[in-house]
Each structure stands twice: as structure tokens, then as C-alpha cells.
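Single-letter residue listing:
Protein chains: 2
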Amino acid sequence: MISATVAQQLIDKLGKENVIAEKEDLLVLGYDSTPGLHAMPDVVVYPTDSEQVQAVVEIARDNKIPFTPRGSGTGLSGGSIPVNGGIVICLNKLNKILEIDEENLTATCQAGVVTLDLFNAVAEKGLFYPPDPGSQKISTLGGNVMEDAGGLRGLKYGVTRDYVMGLKCVLPDGTLLDTGGKSVKDVAGYAFKDLLIGSEGTLAIITELTVKLIPPPQDKRTFLAYFKNIRTAGEAVSKIIAAKIIPSTMEIMDKATINCVEDYVKIGLPREMAALLLIEVDGHPAVVAEEAAEVEKVLKAVGADDVQMAKDAEHAGELAAARRTALSALARVSPTTLLEDATVPRSMLANTFDLIEKLAEKYKLTVGTFGHAGDGNLHPTVLCDERNEDEMKRAHAFYDELYEQVLEWGGTVSGEHGIGIAKKGYLAKQIGPGGVAVMKRIKRSFDPDGLLNPGKIFADDQE
Amino acid sequence: MISATVAQQLIDKLGKENVIAEKEDLLVLGYDSTPGLHAMPDVVVYPTDSEQVQAVVEIARDNKIPFTPRGSGTGLSGGSIPVNGGIVICLNKLNKILEIDEENLTATCQAGVVTLDLFNAVAEKGLFYPPDPGSQKISTLGGNVMEDAGGLRGLKYGVTRDYVMGLKCVLPDGTLLDTGGKSVKDVAGYAFKDLLIGSEGTLAIITELTVKLIPPPQDKRTFLAYFKNIRTAGEAVSKIIAAKIIPSTMEIMDKATINCVEDYVKIGLPREMAALLLIEVDGHPAVVAEEAAEVEKVLKAVGADDVQMAKDAEHAGELAAARRTALSALARVSPTTLLEDATVPRSMLANTFDLIEKLAEKYKLTVGTFGHAGDGNLHPTVLCDERNEDEMKRAHAFYDELYEQVLEWGGTVSGEHGIGIAKKGYLAKQIGPGGVAVMKRIKRSFDPDGLLNPGKIFADDQE
Numbered sequence: 001m002i003s004a005t006v007a008q009q010l011i012d013k014l015g016k017e018n019v020i021a022e023k024e025d026l027l028v029l030g031y032d033s034t035p036g037l038h039a040m041p042d043v044v045v046y047p048t049d050s051e052q053v054q055a056v057v058e059i060a061r062d063n064k065i066p067f068t069p070r071g072s073g074t075g076l077s078g079g080s081i082p083v084n085g086g087i088v089i090c091l092n093k094l095n096k097i098l099e100i101d102e103e104n105l106t107a108t109c110q111a112g113v114v115t116l117d118l119f120n121a122v123a124e125k126g127l128f129y130p131p132d133p134g135s136q137k138i139s140t141l142g143g144n145v146m147e148d149a150g151g152l153r154g155l156k157y158g159v160t161r162d163y164v165m166g167l168k169c170v171l172p173d174g175t176l177l178d179t180g181g182k183s184v185k186d187v188a189g190y191a192f193k194d195l196l197i198g199s200e201g202t203l204a205i206i207t208e209l210t211v212k213l214i215p216p217p218q219d220k221r222t223f224l225a226y227f228k229n230i231r232t233a234g235e236a237v238s239k240i241i242a243a244k245i246i247p248s249t250m251e252i253m254d255k256a257t258i259n260c261v262e263d264y265v266k267i268g269l270p271r272e273m274a275a276l277l278l279i280e281v282d283g284h285p286a287v288v289a290e291e292a293a294e295v296e297k298v299l300k301a302v303g304a305d306d307v308q309m310a311k312d313a314e315h316a317g318e319l320a321a322a323r324r325t326a327l328s329a330l331a332r333v334s335p336t337t338l339l340e341d342a343t344v345p346r347s348m349l350a351n352t353f354d355l356i357e358k359l360a361e362k363y364k365l366t367v368g369t370f371g372h373a374g375d376g377n378l379h380p381t382v383l384c385d386e387r388n389e390d391e392m393k394r395a396h397a398f399y400d401e402l403y404e405q406v407l408e409w410g411g412t413v414s415g416e417h418g419i420g421i422a423k424k425g426y427l428a429k430q431i432g433p434g435g436v437a438v439m440k441r442i443k444r445s446f447d448p449d450g451l452l453n454p455g456k457i458f459a460d461d462q463e
Numbered sequence: 001m002i003s004a005t006v007a008q009q010l011i012d013k014l015g016k017e018n019v020i021a022e023k024e025d026l027l028v029l030g031y032d033s034t035p036g037l038h039a040m041p042d043v044v045v046y047p048t049d050s051e052q053v054q055a056v057v058e059i060a061r062d063n064k065i066p067f068t069p070r071g072s073g074t075g076l077s078g079g080s081i082p083v084n085g086g087i088v089i090c091l092n093k094l095n096k097i098l099e100i101d102e103e104n105l106t107a108t109c110q111a112g113v114v115t116l117d118l119f120n121a122v123a124e125k126g127l128f129y130p131p132d133p134g135s136q137k138i139s140t141l142g143g144n145v146m147e148d149a150g151g152l153r154g155l156k157y158g159v160t161r162d163y164v165m166g167l168k169c170v171l172p173d174g175t176l177l178d179t180g181g182k183s184v185k186d187v188a189g190y191a192f193k194d195l196l197i198g199s200e201g202t203l204a205i206i207t208e209l210t211v212k213l214i215p216p217p218q219d220k221r222t223f224l225a226y227f228k229n230i231r232t233a234g235e236a237v238s239k240i241i242a243a244k245i246i247p248s249t250m251e252i253m254d255k256a257t258i259n260c261v262e263d264y265v266k267i268g269l270p271r272e273m274a275a276l277l278l279i280e281v282d283g284h285p286a287v288v289a290e291e292a293a294e295v296e297k298v299l300k301a302v303g304a305d306d307v308q309m310a311k312d313a314e315h316a317g318e319l320a321a322a323r324r325t326a327l328s329a330l331a332r333v334s335p336t337t338l339l340e341d342a343t344v345p346r347s348m349l350a351n352t353f354d355l356i357e358k359l360a361e362k363y364k365l366t367v368g369t370f371g372h373a374g375d376g377n378l379h380p381t382v383l384c385d386e387r388n389e390d391e392m393k394r395a396h397a398f399y400d401e402l403y404e405q406v407l408e409w410g411g412t413v414s415g416e417h418g419i420g421i422a423k424k425g426y427l428a429k430q431i432g433p434g435g436v437a438v439m440k441r442i443k444r445s446f447d448p449d450g451l452l453n454p455g456k457i458f459a460d461d462q463e
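Line by line, the protein sequences are chains A and B. Reminder that position 206 of the first sequence reads as 206 in UniProt numbering, one-by-one numbering, no gaps. Reminder that position 407 of the second sequence reads as 407 in UniProt numbering, one-by-one numbering, no gaps.
Bound-form chain A, shown alone (with noise of 0.2 angstroms):
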């Protein structure tokens, strides 16, 4: 509970409609995307500019109050459930784009901003904004800066942090950082904003940004690629990426997710398959008629059991739509979905897709795999219920597992979810505990005090 004094402080700063402390009102916000967690806030307030932001650290740091930025809250990993309670800081008033700045190729936006809505705004005037993440439709650009959010069209144009010019933000001191902006480079001083990026809310709020805009691409291939095994798929991704060739998507669904989310769209996918790719191929007309005929031969020569070209844009369409709802095709048919965000080298790839098989066969798990298989980024999901212990903890031993083969191939145990919560226990198993002990320092040199989004990437026994 915060005092009586502190909540008019708030209201005095921000309005009486920007602060809720209704215990009805707060309780959907004490949760994310992620299954199975959830903590009450004693407040939440919605700022509406940057001073504003800072208002609010001000008073949660003078009274020592615990407080936790959010977004939509679409995170995975729990980085914004405010598990000491205090202040939740919800950004989604913050919600202008400020600038199209179309000589610079820049856009300025608060960091309320719902991703999809800037890609639309920029669209309008020609230009592209490739960071696609799932939940694109809801998400916040501070959200996708914080957790560097991936997406669909990641393997060639990249993750958020490739379209971060300049963050401006607000340090738990209170301290208003303006850091980067249109310059193209910029090496003044230590990367600030290329550290803020994927540090999940620990070090700072963000409350702007300035975005890097591109020319679209003038023509895109779609295709489906489909596989009776699943390893044949994930040579497929090795084969394709060896031949020099970059498209822009190859994402994954396997037997698994292929029926859930078919039963969920009904846009007849082979239910009887293995696997299936979904590639596209973008840029200069020429490029891709090349590039298509490229990647046809590289999957027929590695086995893929049937391919099919999009009939026309609004097919592709369909297709990439069908594959994004992926995770709430998975979700509708179990009480409980976990998710992971394991990482590997590609050329891995295949056999990451063994080890999974092998592993849900062994700990009698249901998994469904889908991902960003050109980005060797796999979210194998158990369907389980959180109310059977013991296949809970099967659940547990299979993950364990899979991320200590996963890490001794070179990958990592978050491709682009985060630690968050969720995570909290294979951090040090990848970075080693002197990696986690300089994250400490660094935290610390931010926020001595400990109040910024408490109980999150360090597991207890580091804090």
C-alpha cells in the first residue's frame, strides 16, 4: 500500500484520471503475457510525457517505493509483472509519433507507440519499419527496445536494436538521458543506448525513441516448404542461408503446431507433415525472381516433401497471419502453455530439432515447435496443466535439459524474450557468474537504491 500523501503527490503531477489505485482496476495490471505469473501494483499511473515520467521516479525514489515500467504488456519472460507491488509505470499514453522525418529516413515516437501503427504511419509515406514481432498488433515500441523484440522478418533486416538511433529516457536518479538521435554514428562516450536495448526495464524508462526507416522492398516471394521429417527442415535453413541467400523470413511450425493451428485458421495446411517452412524472399524484382528460383532448388535438393508458391499477396498474407497465431493456437488446446525462446547457431538447427524430439519423447511431454528458424530461434512450448505436479516438473527437467545442450552448441537460452522472471535460473549457467557479477555493477551504477523494476534477470541468490 502507498500512503495517502504519496498517492496525491501522483495526482498532483499527473491528474486524477492518470493514477488508479482501485484494487479491481490494478489487478489487470499485475500480469503479462506470460503464463502462471502475476503481482498487485499498490498504483499505476499513465503519464503522458517524458517530465511526467520523470515526476514519477522522483516521488517512487524520495519515498522509496519500488516502481516497474510497462507497455501492452505482450512480454514473455515477466520482466513487467511488479513483483514488490509499489508503482507500476504504464507508458501507453505515451502514445504520439512525434516526427516522419522522410530526408533523414527517421521517425521520432513516444514510447507508447503501438509497433504496427508506426509501421503503418511510415508506410504511408513509403518507407519501411521492419521490426514485425508477434504480438506486433498490441505491442509498444518501448516494449520491443527493452526486450530488443525479434520478429518475422528478422533473419535480413534484423532485430529492433538494428533500428535504434537515439532513447531518450529517465534514469532511476531521475535523470532525463537523451542519448543518440539522427546522426547515422555517433561514438561519443560509452554506447548507452546500445546498452539500454534488451535490458528489460532494469536500467531505465524509456519514454522516446528515434527509429532508423529503410526504402521497402519493391517485390516479395512467398512460399511453403513442407517436410514429412522435421530434420530434413532444419537443413533446408542451413542449405538456403550456405547458397548466400538471405530471405527475409524462414519461420518453422511443426506436426504439433501445423494441426492447432489449422484447427484454429482452417486454411487447409497438411495436417499429416512434419514440418513446415514459410520463406519469403524480398527486395528488387530481379533479386527475387533469382532468389526464389534459388531457394526452390536448394529445398528440393535437400528433400522437402512438397513446395507451394503463394498464389498472389493477400495468400502470403494469409499465410504469415496464420503463422503468427501460432502460440494462441497452442494456448487454446492445453490449461497451460510454457514457452521457451532457445537460440542456437544455424547450422545447428537440425539437430536442435532431434534433441526436442528425442527430449519430449523422453520426459512424455506434448511439445509444439514453431520460430524463427532462419534466426535458429526456436520456441518449443509445452502443453501441459499447471495443476499436474508431476508433469510439471517433467516440464522443468525437459527445459533444463534442452538449454544445457543448447548452450554447449553456442546458443543462448533467450533469442529474444528475455530473462525476465522466467529465466532467471539459466542466466548464470550462460554468462557465468563473472558475467552476472559485472551485470550487478552495472545495475547497481544505475540504480543503487534498487527500485527500478526489482526481482527481475538476477536470480535471489545474486541479488
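Relax, there's no trap hidden among the hints.
Capping the alpha-carbon separation at 30 angstroms, the derived lysine-lysine pairs in DSS-like fashion look like this: (1) B/Lys125 with A/Lys300; (2) B/Lys424 with B/Lys362; (3) A/Lys424 with B/Lys212.
Pairwise CB distance ranges, derived in the manner of DEER restraints: (4) B/Gly434 with A/His38: 31 to 37 angstroms; (5) A/Thr5 with B/Gly434: 26 to 32 angstroms; (6) B/Gln218 with A/Ser328: 37 to 43 angstroms; (7) A/Glu361 with B/Ala242: 54 to 60 angstroms; (8) B/Gly434 with A/Met40: 31 to 37 angstroms; (9) B/Asp385 with A/Glu51: 47 to 53 angstroms; (10) B/Glu103 with A/Glu404: 18 to 24 angstroms; (11) A/Ala289 with B/His396: 56 to 62 angstroms.
Rather than coming from a laboratory, the hints here were simulated on the basis of the structure. We put the beta carbon where it would ideally sit given N, CA and C, even for glycine.
We have chain A; now place chain B onto it with these hints.
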């Protein structure tokens, strides 16, 4: 002076041949490529693997001796000058390319590999490592990472940062930290790698790195555009980008630079022109043909006084090589060359040329300007004589006034050369005292005793 005991410890770990303590040998390792800066190291060591670097750091730490890493010393801000003496750790013997992985499109190298050697080695396998700093024939990859080096291809292909996937480094406390790797996405923990890139050797010593490779462009076309008015050249750059063409290269030389370069390389550059742009478009032949036509159209529309196409690849190579000589060519004609690194949003280029001209006149200085116009990154170079006190005063006043305006335009005091010793005074002006305070806390979190590369980046009153 270091003690005989410490010298012996170093010899025990690295071998006699890798420890240099003779004064005449040390002298040359107290310089980098920044005019007017020198400091004597007490001892220089040449480790041959990561563990030897770690051993040296441990000896330095145990004996509280400052230590400064360096590569080939091509830096232009004094970043590797051992201002407090101590141990210089020269990484040039860490010169092995460890692996070129054609399946994952990565290369793993020791930090002392020369940039062009990597470029050539991967080119042999039909792959492409784009970063090409002016000093690529002698600069090392470790130095490139520490300065986040740019190059002539930065406009389309980005800078060193855009290609670093993994780093192995030794922290000031002796920890060997492995961060990133061959996975194309990795968001587990804070972005160490991204913080270390551009940290100018003040947070860690890089010993190995893994970089991303890409398929090479299949075709290329090279233009020279001449302008009787340099402002028009700036406008041409903005208009080409605004036409949604991203050439691989758009380099500028002003009249003074054209004349010095022509004196030096004698390839028939027109001495009467106020500026030339060297423009390259590359990629698929069909794209190159279209973009070349479009570039030519924009150049004519904006009022270029002459546009010439390179006759063939050899001629194109000659032109790029001529541009690469700009700094040396300018340096030949005056006792002192003060090179700066102002960078502005591209739309401000034309105004920046005007400003440089106006300030050169105001302060009665000879200024040659060249640089990466496409990146908004200019190197206005004052040709002067450090023995002329009044001229030096005017030169500094010139830069002060220039940077004040550049910062007002949203630019930066360094696009690619770093702060080092040379530009300490400007940093706080750009990032503010709040930014400097956080930087210092980060520095302390890595290096509490301040032994790693002391005397850099922070002005004396900030240390």
C-alpha cells in the same frame, strides 16, 4: 619504472621475447596516429593468447600498475597513449584467423588480426566483411571494435558494431568474459558486447571476436560528381537518400583536399572544383543499373557541374584509393594536421559545409574537409603549425564554435574516431553532466581501481 620483480613475472608468463623494456624500443609505442600526443610506457608486452592477456592483467592489478591495450596505433584521438606509463599490452601477436564458418556466415579471429587480412581471407571463400576504415591495411580488428570504426562503405553496410556477434575479453579484475557468439539473436543478460563496442579500451581488453559475414555484392558502379559549390554537394547527398537510394559509398573531398590528393597521387582530379563526391552503388546488376541511373538523374537535377563514371573496376579502385589518401595528402603540406570528426544528421550537411567555410574565414585558417558525406560524417582538417601559438588558439576556437553548432543540429563530436584524450572537453557538452556521471559509474563498475587505460574519455575535473 616497473620493478625488476614485475618485469620478471611478465617474462615468466610471456617469455623474454614478448616483453620489451628498452627505452629506444618503448619510444615508438608511446604514439598513435594523433598528432602531438606521446607518453612513455614502462614496459610493452606482446601476449600470444587470451590467457596471457589475463596473466598480464592479473600482474598489473596485483601491483597496482596502470595498463593500456593497443593494436597498430592507427587511432586518431589518442586512445592508446599510455598517459600514466605502466604496461602497454600490444595485441598485434594475437593475429590468427581462427575460423571462417561458411554455414553460419561468421568468422572468428584474434583481436590483433589486420582488418584487410580478414577481408581478403573471407573474400577467398566468396564472402564479404564490409567494415573498411581508412587504415584497414594496418588497423586491427580489436582496435576497430574498441573505436567502433566506420569506413567508406558505412552508408549502406554500417559500421564495425553492425558486424560484431561475439567478443572474448579480459576484464580489469582478470575475469575472462565470453559474450555473444554465433547465434544471430541473443538477449540473455545485459548487452555487454554492445556496451564494449566503442568503449575505447577503457572497460575491457578484447582478445577474440566473432563477426558476421555477408554475401558480397555482385556488381558495383562508381561515379565522380564535381561541384563548383560545396553546398550543392551536400544537397546532392540529402536528395539521393531522400530518393530512397542507399549507395554503398558517398565520400566527399573539398577543394583543398582535392588539390593535396592530386599533388600526391596525380590521377587528374580537377583542381578548380569546390568539391567532389565519390559515389558507389552496388548489389545485383539489375539494381545497380537502376540505382546508377537514378543517382545520375538526381545529381543533374541538383546541379552537379560534371558527372563521370569510372571506366572499369581498376579505375574505380584508383578513385577509392585516392580518397583513402586524403589524410596523408593533407598531412604532407603542413607541419601539423588537426583532424576532426564532426557528424550531423544528413539533412544538415549543406549547412555544415557553409559553416566550415564561414568559420575558416573568420579564424583565418586553411581547412581541408573530406569524409563520409553519406553518413553526415566530416573530417574538417586544419592545416597548421603547432609552433604558432596564435594559429593553434584560432584552430581551437574554430573547433569550439563548429561543435557548438553541430551539437545544436543534433550532431555528435565524434562519428568514428572516439573521444580518447583529444576530445575530452567536448563530451560533457554533448551528453550532459548526467550522462558523464552514469559513464563514470559504469567505468568504476568494470574498473574500480582505474588501472585500465587511465586518463581517457573523462576530463580531469570529471575523474
